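Peer 1: If you read the sequences in order, they're chains B and U.
With full-length UniProt numbering applied, the first sequence corresponds to residues 1 to 168, in that order.
With full-length UniProt numbering applied, the second sequence corresponds to residues 1 to 167, in that order.
Calculated from the structure, these hints are not laboratory results.
No experiment lies behind these values; they were computed from the predicted model shown.
Each residue gets a CB set at the ideal place from its N, CA and C atoms; glycine is no exception.
Some hints could be false.
[Stated by the list, open to error] Quick list of in silico lysine-lysine cross-link-like pairs, BS3-like style, CA-CA up to 30 Å: (1) B/Lys111 with U/Lys35; (2) U/Lys86 with U/Lys73; (3) U/Lys68 with U/Lys35; (4) U/Lys80 with B/Lys82; (5) B/Lys91 with B/Lys71; (6) B/Lys111 with U/Lys84; (7) U/Lys35 with B/Lys84; (8) U/Lys68 with U/Lys84; (9) B/Lys70 with B/Lys84; (10) B/Lys71 with B/Lys111; (11) B/Lys111 with B/Lys73; (12) U/Lys79 with U/Lys68.
[To be verified] Just a few of them, taken from the derived set where beta-carbon distance is under 8 Å, the chain U residues facing chain B: (13) Val94; (14) Thr98; (15) Pro146.
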Amino acid sequence: MTTAPVRNVAIAMDGSEYADFAFNWYMENVHREHDHVIMVHCPEYHTVVQSPMVMTDITVVTDLLQEEEKKTKEFLEVLGNKLKHAGIGGKVKSVGGNAGEVVVRVADEEKADLIVVGTRGMGTLRRTFVGSVSDYIMHHSHVPVLVCRHKDHHKDHHGHHSQHPLKH
Amino acid sequence: MAADAGHRRVVVMGIDDSEFSEYAFDFYLSNVCRKDDYIILVMVPEYGTVIASPGILTDPIVVTELIKEEEHKMQTLIKKYSSKMKEAHLGGKVKQMTGKVGESIVAAAKEEDAAMIVMGTRGMGKVRRTFIGSVSDYVIHHSHVPVLVCRHKDHHKHDHHDHHDHH
C-alpha cells in the first residue's frame with residue numbers, strides 16, 4: 001500500500017448529532033495523520049426570514065438575523081475547536097446558500113478527495129429516511145461520499161413505516 | 001460500529017464487472033483499508049434480467065446459454081477480485097447472492113454485522129437506463145451502517161443527462 005499524499009476531506013457540519021456522528025466515525029475509521037479537513041457549514045438564515053409572523057416588523061427580522069449571525073459565529077468557533085482538539089490540520093468554511101450545493105461546491109473548490117456527511121441534519125422535515133442534503137450530495141458529488149448512517153437512526157424509520165407506502 | 005485500533009472490521013463491498021466497482025475497490029484500498037479488515041465481496045448474478053426479457057423466453061436453449069454466460073462472468077469476477085485481494089494482502093470471502101442487488105448488499109451487511117459498506121455508483125445491475133445510482137440510492141436509504149459511495153468524476157457527465165429525467 002502506498003503512503004498516501006495529503007488528502008483533503010470535506011465534512012458537512014451543522015451541529016446535529018448526525019453530523020457529529022459522521023465526524024467521529026470518520027475520525028475512528030478513515031482519518032489519517034496528514035488529512036486536511038475542511039468543515040463545511042451552511043448557515044440557514046432563510047428559515048428566519050420565512051416565518052410568517054415575523055414579516056410585519058423589520059426590527060424583529062434584523063434582530064433575528066443578528067442573533068442567527070451570532071449563533072453561527074459561536075458555532076464556527078466550536079467547529080474550529082473540534083479540529084484543534086482532535087489535532088487535525090484544516091479549516092472551517094461557512095458559506096450561505098442551499099446546503100447540498102454548498103457542500104459540493106466547497107468540496108470542488110478545496111479539491112476534496114472525499115466528502116463525509118451524516119444522514120440527516122437539523123432540518124425539521126423528517127418525511128424521508130435520508131435527508132435531502134445527504135441525498136443531493138450523494139448524487140452531485142464528483143468524489144466519493146461517505147454517508148454515515150448509524151444503527152440507531154433506523155429507529156426514526158419505524159415511525160414512518162406506518163405512513164410510508166413503499167414496502168422493502 | 002466504532003472500531004478500536006486492532007479490532008477487526010468487517011467491510012461489505014458490492015462488486016460487479018464494471019470499472020466502477022474496480023474504482024471503488026481501489027479507492028477503499030488506498031484510503032480506508034486497514035490491515036485487519038475482513039472484506040466480504042458481494043456479487044449478485046443477473047439471472048433476473050435474463051429471464052425477464054420478454055423475447056427470449058420462447059427459446060429454452062437461449063435461456064440456458066445466457067445463464068451459463070452469467071455464471072461464467074461470475075467466475076471470472078471472483079477470480080479477478082480474489083487475486084486483487086491477495087495482492088493487497090487482504091483477508092475476506094466472496095458472497096454470491098441472488099435477488100435484487102441493493103437488497104442483497106444490505107442483507108449481507110446485516111448478516112455479517114459489517115462496520116461499513118463500500119460500493120461504486122454505476123454498473124451495478126443490467127438495467128442501466130434507470131436513474132443514476134439506483135442501487136447505491138437503495139443501499140444508502142436502507143443500510144444501518146455507513147456507506148462509502150465511490151463516485152467518480154466521469155459519472156458526472158452521465159448524471160446531468162439522467163438526472164433531468166428523474167425530476
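Peer 1: Out of the numbered hints, which ones does the structure contradict?
Peer 2: The structure breaks hints 3, 4, 13, 14; every other hint is satisfied.
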